[in-house]
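Engineer: All chains, full assembly: derive it from the sequences and hints.
The listed protein sequences correspond, in order, to chains A and B.
First residue of the first sequence? That's 1 in UniProt numbering, and the numbers climb one at a time after it.
First residue of the second sequence? That's 1 in UniProt numbering, and the numbers climb one at a time after it.
Honestly, the hints are just simulated from the structure, not real lab data.
Everything numeric in this text was worked out from a predicted model, so none of it was measured.
A hint or two may mislead.
Under 7 Å between C-beta atoms, here's a sample of chain A residues computed to sit facing chain B [to be verified]:
(1) 18
(2) 20
(3) 107
(4) 112
Glycine included, every Cβ here is placed at the ideal spot set by N, Cα and C.
2 protein chains.
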Amino acid sequence: MTASDDLLAEVRFDARGLVPAIAQQHDSGEVLMMAWMNADSIRETLATGRVCYWSRSRQAFWRKGESSGHVQRLVELRLDCDGDTLLLLVDQTGPACHTDRRSCFYRAVRDDVLATIAEPVAGTEA
Amino acid sequence: MTASDDLLAEVRFDARGLVPAIAQQHDSGEVLMMAWMNADSIRETLATGRVCYWSRSRQAFWRKGESSGHVQRLVELRLDCDGDTLLLLVDQTGPACHTDRRSCFYRAVRDDVLATIAEPVAGTEA
Chain A
1 MTASDDLLAE VRFDARGLVP AIAQQHDSGE VLMMAWMNAD SIRETLATGR VCYWSRSRQA
61 FWRKGESSGH VQRLVELRLD CDGDTLLLLV DQTGPACHTD RRSCFYRAVR DDVLATIAEP
121 VAGTEA
Chain B
1 MTASDDLLAE VRFDARGLVP AIAQQHDSGE VLMMAWMNAD SIRETLATGR VCYWSRSRQA
61 FWRKGESSGH VQRLVELRLD CDGDTLLLLV DQTGPACHTD RRSCFYRAVR DDVLATIAEP
121 VAGTEA
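Structural biologist: Here's what the structure looks like:
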């Protein structure tokens, strides 16, 4: 019995075999992004300590930062009460978002409009 | 054009007309839970300032805290880059979890097992 087995026995995957995973910067508490994982990407993430999602559009592993260098080191993996959502505490290198913003959640309802509340990080390097 | 219209035009609902919503305590940064919303529950949440989800099991509005008193006051609603996930900054009264824990994410992979890392809040009152 490994940590993966113990965890995977409790995860309730959806009909596609996927579970949503929220990535949160472990020290600041900032919610960075939400993506999806399958059993194999969870196993790889726990084994390597680097977050690996499952890309629904590409139907392939999505090793975060593999091309951009903006990797997520796993600090802790948590599971919710009914087992259908993961919370990943991570240490994010550079921006998490493909728009080069630190977080994907950069739009907010303010003053009755959907406003952009964060700009791309200048000169981000991995 | 209201805030709801502006937002809803940018939300990419899934085939069921739902979008996942992450609830985060606005000041502490604690991730409390993840649930689902449809267009009408988003409209109600923005109109009332109290978070209303859509219950997939009951196929009905789920006005958080309606029976328990553990309401979520909306502080800010954010949308991610590709419009398929919401982040709700909330002020949570009492526990968010039906197990009476503050957060639903109370299980974590530690020392090769899935450990319980938080206990129910004692004597929680709304």
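Engineer: If a hint holds in the structure, say so; if it doesn't, say that too.
Structural biologist: The hints, checked one at a time:
At about 12 Å, the closest approach between the beta carbon of residue 18 of chain A and any beta carbon in chain B exceeds 7 Å, and the interface hint on this residue is violated. A cut of 7 Å between beta carbons decides the hint on residue 20 of chain A: the least distance to chain B is about 6 Å, and the hint holds. Because the smallest distance between the Cβ of residue 107 of chain A and any Cβ of chain B comes to about 5 Å, under 7 Å, the interface hint for this residue holds. At about 4 Å, the closest approach between the beta carbon of residue 112 of chain A and any beta carbon in chain B falls short of 7 Å, and the interface hint on this residue holds.
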